[in-house]
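Protein chains: 4
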Amino acid sequence: MEIYKLQEEIALFAAERDWEKFHTVKNLVLALVGEAGELASVVQWLENVDKNFLESNEKIREELADELADVFIYLLRIADVAGIDITKAAQDKMQKNTNRYTIEKSFGNAEKQ
Amino acid sequence: MEIYKLQEEIALFAAERDWEKFHTVKNLVLALVGEAGELASVVQWLENVDKNFLESNEKIREELADELADVFIYLLRIADVAGIDITKAAQDKMQKNTNRYTIEKSFGNAEKQ
Amino acid sequence: MEIYKLQEEIALFAAERDWEKFHTVKNLVLALVGEAGELASVVQWLENVDKNFLESNEKIREELADELADVFIYLLRIADVAGIDITKAAQDKMQKNTNRYTIEKSFGNAEKQ
Amino acid sequence: MEIYKLQEEIALFAAERDWEKFHTVKNLVLALVGEAGELASVVQWLENVDKNFLESNEKIREELADELADVFIYLLRIADVAGIDITKAAQDKMQKNTNRYTIEKSFGNAEKQ
Chain A
-15 MEIYKLQEEI ALFAAERDWE KFHTVKNLVL ALVGEAGELA SVVQWLENVD KNFLESNEKI
45 REELADELAD VFIYLLRIAD VAGIDITKAA QDKMQKNTNR YTIEKSFGNA EKQ
Chain B
-15 MEIYKLQEEI ALFAAERDWE KFHTVKNLVL ALVGEAGELA SVVQWLENVD KNFLESNEKI
45 REELADELAD VFIYLLRIAD VAGIDITKAA QDKMQKNTNR YTIEKSFGNA EKQ
Chain C
-15 MEIYKLQEEI ALFAAERDWE KFHTVKNLVL ALVGEAGELA SVVQWLENVD KNFLESNEKI
45 REELADELAD VFIYLLRIAD VAGIDITKAA QDKMQKNTNR YTIEKSFGNA EKQ
Chain D
-15 MEIYKLQEEI ALFAAERDWE KFHTVKNLVL ALVGEAGELA SVVQWLENVD KNFLESNEKI
45 REELADELAD VFIYLLRIAD VAGIDITKAA QDKMQKNTNR YTIEKSFGNA EKQ
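Protein chains in written order, with the working numbering: chain A, -15 to 97; chain B, -15 to 97; chain C, -15 to 97; chain D, -15 to 97.
Rather than coming from a laboratory, the hints here were simulated on the basis of the structure. The reader is advised that the hints may include incorrect statements.
All copies of an identical chain are treated as equivalent in the list; a pair is satisfied when it fits inside any one copy or across any two copies.
Stated by the list, open to error - Taking lysine-lysine and the DSS-like style, the derived pairs with C-alpha atoms no more than 30 Å apart in a straight line are:
| id | residue 1 | residue 2 |
| --- | --- | --- |
| 1 | Lys43 | Lys80 |
| 2 | Lys72 | Lys5 |
| 3 | Lys96 | Lys35 |
| 4 | Lys35 | Lys10 |
| 5 | Lys89 | Lys77 |
| 6 | Lys10 | Lys43 |
| 7 | Lys35 | Lys5 |
| 8 | Lys(-11) | Lys5 |
The shape of chain A in the complex, shown without the other chains (with noise of 0.2 Å):
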């Protein structure tokens, strides 16, 4: 599915409630922090969240696929309404990673450059 498809499902769905008033950018902000905190909150106290563990925690993995929903859905909904292309947006941005951490100085370290 392509992303523009489901922007203009979120944004009709805040539409037909009569939502866009609360869906300043600071308050979808606010929002996506709330579901980013749901996110942490899934993942705190387990020792090892990985493919294996999620194939045998149907209800873990089921949590975290809903906690990565919600994050996504705002990061969508704030793109729409701030008139920011969040698919170049992220090209733009691999692209200055690649320049700023070369594979030479960030072999097997991750510290910012």
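Once you've looked at the hints, dock chains B, C and D against the given chain A.
Only chains B, C and D this time, still in chain A's reference frame:
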């Protein structure tokens, strides 16, 4: 651009730098939270962050795009590492939201249901 | 009440429940982030959250107090587990801020220095 | 040092810089979230952040103290602006937690009750 292409690019970026060892789900959630925090700090003291404001404040617009991109990149990476289809998760969540926040109950108010 | 008394109470609470094994610094940071997210979700759609508003909205006032308390409890717990004197750290930081944000440079504007 | 003294110092710092206009509860929550994000980014790629590690890594110990201080300062400022007694709120919350997470139910497991 398709989501999975961006995820492949991010995965390659990590592999080339031997960063896969850092990219556990818990570490990546901490990283996403760090970027969500930077997103919050872009807008924290601003009064009105709408399209008009952003069109005449290119510097802030770029900072916002940059931080949205960072959250997006970590979100896609977590989904990839966890084996979760983020687009499907978002569609499932929108369906749940449609059932939970019916237009009758939620028109004009955003209270949790 | 003294800070260290509250820290002792929190430490005892964890010890009595055999929760010390969960309370690594990284896990506790994820937990603090979860509570900061709940704090954000209390205010996300509200227009004006000042003393007047809170005095006439006891339910929201209690939710806010509750989430501030949760962030505080995890903050004190992290400092304790990490062996950091949080009061001294705050005083040191206020001193740094005083040097960094001089009244001349920062009067009326909150830009990063 | 008493909590309220630190709050007075922070209030004076803001007043002297004419920053009270920025310090609405919502703006301060965004600021706290920004600092919680910086706290997360200090520990995100580290394996083991315990007292031993911190005693032999002074630079990380200082970064951690610095970010804990920033979260603390904004927490105290929010409580002050909102007219909430943060120490009393924390004591009330510990009492609630004691009732909710009884030793019988919660010994050795940190599941939400």
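Going through the hints against the structure:
For the homomeric pair Lys43 and Lys80, the shortest alpha-carbon distance between copies (16 Å) is at most 30 Å, but the shortest distance inside one copy (37 Å) is not. In this assembly of identical chains, Lys72 and Lys5 lie within 30 Å of each other by CA distance both inside one copy and across copies; the values are 27 Å within and 28 Å between. Proximity of Lys96 and Lys35 under a CA criterion of 30 Å is satisfied in both settings, with 28 Å inside one chain copy and 24 Å between copies. With identical chains, the CA atoms of Lys35 and Lys10 are at most 30 Å apart between copies only, with a shortest distance of 12 Å across copies and 35 Å within one.
Taking CA atoms no more than 30 Å apart as the test, Lys89 paired with Lys77 passes inside one copy only; the shortest distance there is 18 Å, against 32 Å between copies. Within a single copy, Lys10 and Lys43 get their C-alpha atoms only as close as 32 Å, which misses the 30 Å cut-off; across copies the closest is 17 Å, which meets it. Proximity of Lys35 to Lys5 under the C-alpha cut-off of 30 Å is restricted to the inter-copy arrangement: shortest distance 14 Å between copies versus 40 Å within a copy. For the identical chains of this complex, Lys(-11) and Lys5 are intra-copy neighbours only, at 22 Å inside a copy versus 35 Å across copies, given an alpha-carbon limit of 30 Å.
Against the hints set out earlier in the document, no violation occurs for any number.
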